Amino acid sequence: MMYAKLLAATALLAMAPAAVQAQEGPVSYEEQLAQVETQLVYQGPIAGVENDYWFNYQTDLAEARKELTGDLRGSSDAEDNRDAWEEYRAELADARGDYAKEMAEKGYPVGEVRVLTDNGR
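Note that the sequence shown covers residues -22 to -1, 1 to 99 in mature numbering (1 follows the signal peptide of the UniProt record, and there is no 0).
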């Protein structure tokens, strides 16, 4: 399932420049990466277990969205926007990684995705 999400996110990234520009105007690379990261957000708790780790993860996601909104509202130029989107992407990735690590430490199965290059590494 995680592999399917990664493929969908990769496809989204490949299509994002044309699709997003047609709808909303120019979008920064950082915003495109953040859009891909949002596709990787867990849509439900790992192993179906709603515990403190799941609720903390949901809180982290909500805080990241709130901070992004505030940062974008307060931005004065394109660099500020790029910084806001990069920080948002990083916060989503960190929250997802922390949640998966905590669940794995408790013994719940967490999927892993490996992307191989042409030479198999």
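Simulated from the structure, these hints should not be mistaken for laboratory data. Given the structure is predicted, the values throughout are model-derived calculations rather than measurements. Check before you lean on any hint, since a few could be wrong.
[Claimed, not checked] Estimated spans, in silico, between C-beta atoms of each pair:
id : residue 1 : residue 2 : range
1  : S6        : G26       : 35 to 43 Å
2  : D58       : K79       : 28 to 36 Å
3  : A56       : A82       : 37 to 45 Å
4  : G52       : V88       : 14 to 22 Å
5  : R60       : T37       : 21 to 29 Å
6  : V88       : T37       : 13 to 21 Å
7  : R51       : P87       : 18 to 26 Å
8  : D49       : G22       : 22 to 30 Å
9  : D96       : D30       : 21 to 29 Å
10 : E28       : G89       : 31 to 39 Å
11 : T47       : D76       : 20 to 28 Å
12 : R43       : G22       : 12 to 20 Å
Where a beta carbon is used, it is the ideal one built from N, C-alpha and C, also for glycine.
Structure-based check of all given hints:
1. S6 <-> G26: 35 to 43 Å: Once the Cβ atoms are compared, 37 Å apart, the range 35 to 43 Å for G26 and S6 holds.
2. D58 <-> K79: 28 to 36 Å: 31 Å, holds
3. A56 <-> A82: 37 to 45 Å: 39 Å, holds
4. G52 <-> V88: 14 to 22 Å: 36 Å, violated
5. R60 <-> T37: 21 to 29 Å: 26 Å, holds
6. V88 <-> T37: 13 to 21 Å: 20 Å, holds
7. R51 <-> P87: 18 to 26 Å: Given a distance of about 40 Å, which is not inside 18 to 26 Å, the answer is violated.
8. D49 <-> G22: 22 to 30 Å: Given range 22 to 30 Å: holds, Cβ gap about 28 Å.
9. D96 <-> D30: 21 to 29 Å: 42 Å, violated
10. E28 <-> G89: 31 to 39 Å: 18 Å, violated
11. T47 <-> D76: 20 to 28 Å: 22 Å, holds
12. R43 <-> G22: 12 to 20 Å: 18 Å, holds
Against the hints set out earlier in the document, violations occur for numbers 4, 7, 9 and 10.
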